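Q: As a plain string of letters, each chain reads:
Number of protein chains: 2
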Amino acid sequence: MKLVKVYVTLKTSVLDAQGEAIKSAIQTMGYDHVSQVSMGKYFELRFDDYSQLDQDVDAICDELLTNPNIETYRYEIVEEK
Amino acid sequence: MKLVKVYVTLKTSVLDAQGEAIKSAIQTMGYDHVSQVSMGKYFELRFDDYSQLDQDVDAICDELLTNPNIETYRYEIVEEK
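These protein sequence lines are chains A and B, in that order.
The first sequence begins at 1 in this note's numbering and counts up by one.
The second sequence begins at 1 in this note's numbering and counts up by one.
Hint data in this document are derived by calculation from the structure and do not stem from the laboratory.
Keep in mind that the hints are not guaranteed to be accurate.
The list treats identical chains as interchangeable, and a pair is accepted whether it falls inside one copy or across any two copies.
[To be verified] Quick list of in silico lysine to any residue cross-link-like pairs, SDA-like style, CA-CA up to 25 Å:
hint, residue 1, residue 2
1, K11, Q52
2, K81, D62
3, K5, Y75
4, K41, E71
5, K2, Y42
Note that this is a predicted model, so its numbers are computed, not measured.
Hey, can you work out the whole structure from these sequences and the hints?
A: Here it is, written out as structure tokens:
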């Protein structure tokens with residue numbers, strides 16, 4: 001069994017309005033050491049073991065989990081029992 | 001400068017309807033090796049260096065970034081130049 005952890009974030013060229021709003025909220029709470037906040041999505045996908053997993057994860061990320069125009073992703077594959 | 005990476009996921013006792021929908025979509029795309037999908041949120045927070053960062057990050061997660069009734073979080077702190 002393989003666990004794939006996918007992190008989707010906005011491209012740096014895209015304004016992260018949610019992140020800015022959260023930063024502002026954190027500062028309002030009194031934590032003024034925060035200098036930057038960004039918000040993204042996190043997916044965990046479990047797969048049976050098979051050979052072309054990397055290739056399929058790339059396709060799933062490109063076609064379904066991200067909007068390639070504004071988002072970028074990275075993932076890691078962890079072996080699970 | 002410290003980079004804090006926060007991962008927010010639903011508690012296992014809570015139905016992950018988005019995850020189920022994504023799993024179904026992935027299977028419809030023809031990738032039938034997928035057995036489970038869950039969806040969460042991912043935050044990156046940058047802080048100036050100071051002493052009680054851990055404590056503040058816990059408070060920010062509990063009070064702002066998560067709904068403690070249904071969500072759980074973990075984070076890691078990375079040193080940045």
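Q: When the structure is checked against the list of hints, which entries are broken? Sort them ascending.
A: 1 and 2
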